[in-house]
Amino acid sequence: DQQVKQNSPSLSVQEGRISILNCDYTNSMFDYFLWYKKYPAEGPTFLISISSIKDKNEDGRFTVFLNKSAKHLSLHIVPSQPGDSAVYFCAASDLAGNQFYFGTGTSLTVIP
Amino acid sequence: EAQVTQNPRYLITVTGKKLTVTCSQNMNHEYMSWYRQDPGLGLRQIYYSMNVEVTDKGDVPEGYKVSRKEKRNFPLILESPSPNQTSLYFCASMGLGALFNTDTQYFGPGTRLTVL
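Each protein sequence line maps, in turn, to chains A and B. Per the numbering used here, residue 1 is the first one in the first sequence, and the count goes up by one each step. Per the numbering used here, residue 113 is the first one in the second sequence, and the count goes up by one each step.
Because the hints were derived from the structure by calculation, they are not lab data. As the structure is a computational prediction, the values presented were derived from the model and not from experiment. Careful: at least some of the hints might be erroneous.
EDC-like cross-link-like pairs, simulated, lysine to aspartate or glutamate; straight-line CA separation at most 20 Å [what the hints assert, rightly or not]:
{"#": "1", "chain 1": "A", "residue 1": "Lys56", "chain 2": "A", "residue 2": "Asp24"}
{"#": "2", "chain 1": "A", "residue 1": "Lys71", "chain 2": "A", "residue 2": "Glu15"}
{"#": "3", "chain 1": "A", "residue 1": "Lys56", "chain 2": "A", "residue 2": "Asp31"}
{"#": "4", "chain 1": "A", "residue 1": "Lys5", "chain 2": "A", "residue 2": "Asp94"}
{"#": "5", "chain 1": "A", "residue 1": "Lys5", "chain 2": "B", "residue 2": "Asp171"}
{"#": "6", "chain 1": "A", "residue 1": "Lys37", "chain 2": "B", "residue 2": "Asp150"}
{"#": "7", "chain 1": "B", "residue 1": "Lys181", "chain 2": "B", "residue 2": "Glu191"}
{"#": "8", "chain 1": "B", "residue 1": "Lys169", "chain 2": "A", "residue 2": "Asp94"}
{"#": "9", "chain 1": "A", "residue 1": "Lys37", "chain 2": "A", "residue 2": "Asp24"}
{"#": "10", "chain 1": "A", "residue 1": "Lys5", "chain 2": "B", "residue 2": "Asp150"}
{"#": "11", "chain 1": "A", "residue 1": "Lys37", "chain 2": "A", "residue 2": "Asp1"}
{"#": "12", "chain 1": "B", "residue 1": "Lys169", "chain 2": "B", "residue 2": "Glu191"}
{"#": "13", "chain 1": "B", "residue 1": "Lys183", "chain 2": "B", "residue 2": "Glu165"}
{"#": "14", "chain 1": "A", "residue 1": "Lys71", "chain 2": "A", "residue 2": "Asp55"}
{"#": "15", "chain 1": "B", "residue 1": "Lys169", "chain 2": "A", "residue 2": "Asp1"}
Next up, chain B with everything else stripped away, as it sits in the complex:
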């Protein structure tokens, strides 16, 4: 089954304690991306990656890091989480030929992060 998986699904942590949210896709997609969803703000793009070792900032990259060492994985790293990073996070992937076809990004189920 084609899917994007994220782990963990729920996480409660404390300010300053480094954490990583993993994202993996099994569709051999070149493009992967991270978003956060906040009430009244919709989904905002954090980082994206066009392929292995190619990453770029989205709209709200501050406080986040990413890496793309393998095509299937795109972890999101919070080196020193703060309460304003409490949010619902989504990972997504897309084949680069998809944008102008009838299909586009596949999203994971989300990770709800609370930073105390």
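Looking at chain A on its own, in the form it has when it is part of the complex:
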């Protein structure tokens, strides 16, 4: 049973516009949320994270928003660049940080 869900398998955005990637989770015990980026033939790389005590975390062009009541988080990329084209995975962990649960991924294409 998928505890972290990314309902959009793909997303296309024009260069310079905003990309919004969404993620939903079902387990209220999740305390820490992460986004990873993955290029073909490479392992995922960490992008940005947020703990449950916050509702927003920003790092340059990347901002993650957390809505705990809705069990929903989103990743905003502004402005989007062609190099951002990759698969993005949402992940969640409990406070202990032992187990990680990943979504199915969203393939982002940024069109020049």
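Take the given structure of chain A and dock chain B to it, following the hints.
Quick look at chain B alone, frame taken from chain A:
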């Protein structure tokens, strides 16, 4: 260079022939983990290890074994591989102080396994 290495990168084998995928990290990380990636299912955690001689099951441990005899190595063992274990496998490591910092798991490049 800080990295996680996996070997082999590609492997084709037959049902029932025991195999080991090695994973090594050079960052002195306590935490290591194995994941498999399948279409439509994302990454699913197989096993993880909090430190030497400490391992625990993840979400999908059936059919896999691991060992953690040294801090830097975390091999994944398939005693009797079956076709449903055909997948892309990733090893990852993390310093235990990292989870609430700005960094987290480092992933290896992946091992593509095909079981015929």
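Query raised in the report: Of the hints given before, which are not true for this structure?
Result: 2 and 11
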